Structures are given as C-alpha cells and as structure tokens.
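Okay, here's what each chain looks like letter by letter:
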Amino acid sequence: MTDIRIEVSGLHKAFGSLEVLRGIGFTTPRGTSTVLLGPSGSGKTTLLRSLNALDIPDSGVVRIDDVSVDFSLLPPGKAGRATARDLRAQSGMVFQSHNLFPHRTVLQNITEGPVVAQKRPPDEVVAEARVLLDQVGLADRADSYPYQLSGGQQQRVGIARALALKPRVVLFDEPTSALDPELVGEVLSVIRDLAAQGWTMVVVTHEIRFAEQVADQVLFLDGGVIVERGTPERVIGDPQEERTRRFLRRVLEHG
Amino acid sequence: MRQVFRGVLLLLLLLIVFPPPANARDQQPPVVRVGTEGTYPPFSFHDPGTQELTGYDIEVVEAIAAKAGWRLEFVETQWDAIFPALDAGRIDLIANQVSRNDERQAKYGLSSTYTHSRGVVVRRTGDDRVKSIADLKGKTTAQSSTSNWAKVARDAGARVEAVEGFAQAAALLTQGRVDAIVNDNIAVLDYLTTTGSKDVEIAGDAGQAGSEQVLALRKTDTALLAQANQAIEALRADGTLRGISEKYFRADVSVRDGGAADLSQGRGQRSTWDVLRSTAWPMFVGLVKVTIPLTALSFAIGLVLALLVALARISPFRVLSGLARAFISVIRGTPLLLQLFIVFYGLPQIGLKFPPFTAAVVAFSLNVAGYAAEVVRSAILSVPRGQFEAAATIGFGYAQALRRIVLPQAARTAVPPLSNTLLSLLKDTSLGSVVLLTELFRESQLAAAESNEFLALYSFAGLYYWVICVALSAAQKRLETRLNRYVIA
Ligand SMILES: Nc1ncnc2c1ncn2[C@@H]1O[C@H](COP(=O)(O)OP(=O)(O)OP(=O)(O)O)[C@@H](O)[C@H]1O
Ligand SMILES: [Mg+2]
Chain A
1 MTDIRIEVSG
11 LHKAFGSLEV
21 LRGIGFTTPR
31 GTSTVLLGPS
41 GSGKTTLLRS
51 LNALDIPDSG
61 VVRIDDVSVD
71 FSLLPPGKAG
81 RATARDLRAQ
91 SGMVFQSHNL
101 FPHRTVLQNI
111 TEGPVVAQKR
121 PPDEVVAEAR
131 VLLDQVGLAD
141 RADSYPYQLS
151 GGQQQRVGIA
161 RALALKPRVV
171 LFDEPTSALD
181 PELVGEVLSV
191 IRDLAAQGWT
201 MVVVTHEIRF
211 AEQVADQVLF
221 LDGGVIVERG
231 TPERVIGDPQ
241 EERTRRFLRR
251 VLEHG
Chain B
1 MRQVFRGVLL
11 LLLLLIVFPP
21 PANARDQQPP
31 VVRVGTEGTY
41 PPFSFHDPGT
51 QELTGYDIEV
61 VEAIAAKAGW
71 RLEFVETQWD
81 AIFPALDAGR
91 IDLIANQVSR
101 NDERQAKYGL
111 SSTYTHSRGV
121 VVRRTGDDRV
131 KSIADLKGKT
141 TAQSSTSNWA
151 KVARDAGARV
161 EAVEGFAQAA
171 ALLTQGRVDA
181 IVNDNIAVLD
191 YLTTTGSKDV
201 EIAGDAGQAG
211 SEQVLALRKT
221 DTALLAQANQ
231 AIEALRADGT
241 LRGISEKYFR
251 ADVSVRDGGA
261 ADLSQGRGQR
271 STWDVLRSTA
281 WPMFVGLVKV
291 TIPLTALSFA
301 IGLVLALLVA
311 LARISPFRVL
321 SGLARAFISV
331 IRGTPLLLQL
341 FIVFYGLPQI
351 GLKFPPFTAA
361 VVAFSLNVAG
371 YAAEVVRSAI
381 LSVPRGQFEA
391 AATIGFGYAQ
401 ALRRIVLPQA
411 ARTAVPPLSN
421 TLLSLLKDTS
431 LGSVVLLTEL
441 FRESQLAAAE
451 SNEFLALYSF
461 AGLYYWVICV
471 ALSAAQKRLE
481 TRLNRYVIA
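Chain order of the listed sequences is A and B. For the first sequence, UniProt numbering gives the first residue as 1, with consecutive numbering after it. For the second sequence, UniProt numbering gives the first residue as 1, with consecutive numbering after it.
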C-alpha cells in the first residue's frame, strides 16, 4: 500500500482534431487536496472526467489506489466498459450542476448508490446517510425532494451523495460556480471540513482564496498541459509563468 | 418504474380473469371448422332470443355433421374474408349459401347442391328505372364484393359498391346511395318480412335460370368432401333436408322445383328497445372478454417493444439504429388494417399461422411499438445527460441507470402522448372484427345484421367505447399528478 492515492501519467485526449489533454501527469498523496486552476477551455473538466472514466482518454495511465487503467490498452466493448466501471467505483463526483435525481428524496439520492449498486444493507446505509446529512447541515431535509431545496442545499446533498459511496477520492467540478454568491460560502465550508477530515480530493474551482486555504497542491492547466504546479504559496503566491500570472490577475479582479 | 410494473401486472391479471375467447384456439380434425357469416338471415344468423348461431345453412351443416360423424366448430367471419380463411387453413368448409360457378368449381371442392334458388333484383320502391337485370347497366349496386351476386351484377354492367352483408346493402339502397341490389330471392324475402320495410321491393328476376348453393372446401380435402356429399344425399333421401327447408321457407328449396319460398310469417319484428336490451349483454361480454384483454395485452407488449426499438434507435450501432428507424417508418407509413391482414392472412402463407386473438395481439402490439417508440425515444432524450452521468458515478451500469433514473423521469414526458396511443388502440381493436374476433364492435354488427337497428346498435357500442375512454383519461390524470409530484410544489 502506497501513500500515493492518484497517479496520472501521459494522459492524452482529443475531441476530433481538438487536442484537449496533451500529456498530463501528476500524483496526489493520500489525504491531500489537489486544486486544478486554469482558464476556460484549458481541459480541467476533461481531466477530472478522465479520472473516473466519464471521458475515456486516448492514451495514458490513471491509477487510483489499487485500480490502474492504461487507456491505450483498454479493450473495446464490454470488457473495456467493465474496466472503466472499476476505475469509476474508486471515486465520488460532485457536479457543477449537482445532477441530483429529481424523482428521489434527499435521503434516497444518498442511499441509491450504496444500496442498489454496492448492494450494502439498507439499514446500515440509511444510518450512515443520516450522519452524512447531519454533517452537511441538512439533517432535517431527508424527506424533501431536490426541487424544494436552495442551490446551496442541493449542492451539499450532492456532496453527501458522493461521500456515501465511501470512495477513495472525491472529485469536484466547480461545485460553487452555479450558485448565487451568498450560497457559495456554505458549500465551501463543507468542502473545507472534508479536507480537514483527511479525504483525498481533486477540486476544480475558480475560488482562489478557497484554493489557498485547502489545497496541498495546485495544478495550473493551460492548453491541455500543466503549466505550473506546487503548493498554493508557490503557484498562487509567487507564480513563475506569465500565463499563470495573467490568469490569476483576471480571476482576482473579477472574483 | 414500480408503477409501470404494477400496471403491467394488473393487465396480466385482467387477462387471467378474462381469458381470450375460445375460438382463439386452433384445432386439428376430427373437428371441422365451419366458416359462416352469422349475419345472413335466414341462412346464418344469431337468434335474437338466445344469441345462438342458427339458420338454414347452420342446421343443414349440423345435420351433415351428425351423419358424417364430425364435430363442428363455427368460425364467424365476413363474407369477403371467408375464402381467404379457407385458403389459409383457418376454416375447413364454408356453409354460407356459396353459389356454384365455374371459377369456384375450378379452385375449390364444391359439394352437392343443398339449396336451389334464384337471384332477384331489388330496387327502391317505385323506382321505374330498375325493372330487370338489363337496367343495371351503368347503375350502382351494393354487394359483398367477392360474392357470386356481385359477379352477376358486374356482368350486367353495374358498378358494385362493396358492403358486408345484405342488411348493409339494403340500408344503402334505402338511403339512395346505390340504385339496386342483386341477391338471393330468399334472403330478400326474409329481409322484407323481418323489417316490414316498404322502402325497397323486388323488381324482377336476375335473369339466371336459377342458382345452386353448395358447401365449399379446399380442393385437396377430397375425403372430407366425399363424406359431405354422402351425408347430403342421405339427408335428401331421408327427408331431413326437406324438413329443415320447410321449417324456414315453407317450401323445399333443397330440390330444383320444390315450390316458391314463403317467408311471410317471418321471424317477427322487435322493438328497438328489445334489440338493445338483448344485445347489451353480448356486447359487454365482447368488451370484457376480447376488447379489453386485447387492448391491455397489445399495449403492454407494445410498450416493451417500443422501449427496445427506442433504445436501438438511439444506440451508437448504425445497423441497429437503422433497423429501428426502418421499422418505425414502415409501421407509421402503412395502414393498421393492412398490417392486421398481413399478420392474419399473409403470414400463414409462409407457415406462420396464429390463432385470431394471437394474430391481433401481434399486429396491434407491433403497431403500438412503432408509434410509441418515437414517444419513448424523445422522452429518454429529454432527460438531461447529467442524470446518466450522475447514475454512472454512483456505480450504475447502463441498464440500471435507465431503469431507476432515466425512465422514471422520461415517464413524466411520455405519459400524455402514450395515453393517446392507448385510447387509439382501444378504438382500433374494433378492426379485430375482420380477423374473426367477436369483440365489442363485431357483436353490434351481428345484432345489426339480424335486426337492421344500425343507428341504435352502433351508438350503443360507441357508448361502451366512450365510457372506457373516459375512465382511462381519468386514470391518466391521476398518473400525471403522481409523476409530477417531484416537480410541482
Ligand atoms: N464532448 C466534447 N466534444 C467536443 N469537444 C469537447 C467536449 N468536451 C469538451 N470539449 C472541448 O474541450 C475543451 C476543454 O473543455 P473542458 O470542459 O475540459 O474545459 P474546462 O477547462 O473545464 O473549461 P471551463 O472552465 O469553461 O469549464 C473545450 O474547448 C471544449 O469545448
Ligand atoms: Mg469545466
């Protein structure tokens, strides 16, 4: 058992003639948070979706804990889909637009995966789900439907849903960008708690202040490559690359 | 999704409680299946009191069966479908005043004659333009299009309007939509006494020396034909045929010069109210035993097929989606009646013979599949991609995501258009009447042929359909409310 939870190397992905990822490699130690920064269209979402095989890279290797997939060797058809599913099972994902199941209650949204896909005992799962709901501050909304919640509450349910899978890592794709400004704080504070509890996380965000607080490692992505990497003090506090500086200036001005 | 399963279960339950009709079974000889109209009094009709099939031809063929040792199974079908049914092996003989002519003699096994009659020309009362068969040139007559009388009319230069049975023809004549009818003397006399109609009258003979009516069998069934002929001669010799004939016609029509038929005593007239009262129950039985099970089963199977076709249609495999597209296009681009005929009369020619109820279920469920597939497809596509992806990230495979996440949401979009499909289907099952199914509409046709109460009986049948449709619409409302509970506060 290694202390490296995520290991990515040589990741390439093109959509048609557009090369979106052009040789990405990085590692994430267990219990740490990695923040992906980068301008729009730089490939952050694609990279994140490659980690759980929602997008299938053309080549490169992704290892999460003890599941490793070499995408250039991925067999076509059923076998390939099974491999992708194994890798996907290693992570939980929080979407920008939460993607909660509208026809399920808050509690059902959380228990659906563990009970139906992981086939764990419902009683146990429900008990855990209630603990998670308490943790994200929604203990009293278990029986609400998603449409009855505010955006921030919905996103916190999305986080609880991801955690209920007991994943090795949690992936966040701009979890606060779709929210009204006054709701951003409650979601970020939940994620901050998770970092403190030792979850291994990869977070795409434009919240620079938040990144400085929670990140153990910052990756700055541009044009499908990692342009700069290091601690937040290094990458955000003292960027070496002109592209990083320009990006940070723009985000800090508008943010 | 659980609601959908519950619905399907309910339908299956309905089917167990109301199984499809007995004539849906196909049987081997020694049972002889007899094709007859059941709407051609006094030869083949339903007794208004008992609803039993009876008539001169029925009693004759029953007497023949008693002599020949057959067990009979009657299959009631429209005249124009009778010979195709014989060809397709759905019946073994026709007992329905089949006139002997050269074409039929060449193609079928025809029995000895059991009825001698003559054709007459019928006109609207007092219409002097029609005096004899010669006057039919350039005029329009109403006939069963494949009957011998239609041939006689055409040969006389008339244009033939196709109808099902004499009662319908008489209605068209009375309404002035056609100029004349050529038909059997006896059938016309029966109509005139039964209805007491003064609107039409016999203008004169159809000009033939007389016609002979026989049983028709497949040419290859020589043994069965020999048995029939033997029995007919025996019945003629022992006076049985004469007895049956005199009971119905007060004359012996089983020989050439047995006297003029006299039907003046008639079968008696009944009030509209009486007709309705005695028909309401058979129609209800037709509704509950055939129309509803046929609708429910076809809809359930059709929906499952529609889902498969819709999934094929949106699958990334070109061949699969191409096939699905072709299927949808063919189903939507051809008449339902034609699809029904292909399954019922066409497929037996390549060895695929289903009993009537099964054939109807096959045709109707394929039709539902063709229409519902597009509804299901667009409903699935209306569910945001993110739902599929979220389902994938919680560990669901494609089938699981579809069943637990996507379809329940798609259902909300699909229910209103699918309800329309269901209502259409319920009404379209009336087409089952042309493939030997005694469903609601067929029951009303049977009663109308015997009583001529078209308006009352068809309106009454309509009432049954309407009530079921209203009930289904109410169920749809409730289902929609249920499915909307997670989007409307
Ligand atoms: N499924 C796809 N098909 C074609 N092009 C795609 C697809 N997904 C992403 N792209 C393209 O790939 C590039 C990278 O997209 P990606 O979503 O990874 O960027 P991003 O860094 O997440 O941007 P943003 O900050 O706007 O979310 C973009 O140019 C985008 O248009
Ligand atoms: Mg993105």
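Hints in this document: simulated from the structure, not taken from any laboratory. Predicted, not measured: the structure shown is a model, and the values here were computed from it. Treat the hints loosely; a few may be bogus.
[Stated by the list, open to error] Quick partial rundown of chain B residues pointing at chain A, CB under 8 Å, derived from the structure: (1) G49; (2) Q51; (3) L53; (4) H116; (5) G386; (6) Q387; (7) G395; (8) A399; (9) L402; (10) Y464; (11) W466; (12) I468; (13) A475; (14) Q476.
[To be verified] Here are the computed lysine to aspartate or glutamate pairs in the DMTMM-like style, where the Cα-Cα straight-line distance is at most 20 Å: (15) B:K67 <-> B:D221; (16) B:K137 <-> B:D205; (17) B:K139 <-> B:D221; (18) B:K151 <-> B:D80; (19) A:K78 <-> B:D221; (20) A:K166 <-> B:D80.
Glycine included, C-beta positions come from ideal geometry on N, C-alpha and C.
Each hint tested on the structure:
| no. | hint | verdict |
| --- | --- | --- |
| 1 | G49 | violated, 57 Å |
| 2 | Q51 | violated, 50 Å |
| 3 | L53 | violated, 54 Å |
| 4 | H116 | violated, 74 Å |
| 5 | G386 | holds, 4 Å |
| 6 | Q387 | holds, 6 Å |
| 7 | G395 | holds, 3 Å |
| 8 | A399 | violated, 12 Å |
| 9 | L402 | violated, 13 Å |
| 10 | Y464 | violated, 37 Å |
| 11 | W466 | violated, 34 Å |
| 12 | I468 | violated, 30 Å |
| 13 | A475 | violated, 20 Å |
| 14 | Q476 | violated, 19 Å |
| 15 | B:K67 <-> B:D221 | holds, 18 Å |
| 16 | B:K137 <-> B:D205 | holds, 15 Å |
| 17 | B:K139 <-> B:D221 | violated, 40 Å |
| 18 | B:K151 <-> B:D80 | holds, 13 Å |
| 19 | A:K78 <-> B:D221 | violated, 56 Å |
| 20 | A:K166 <-> B:D80 | violated, 70 Å |
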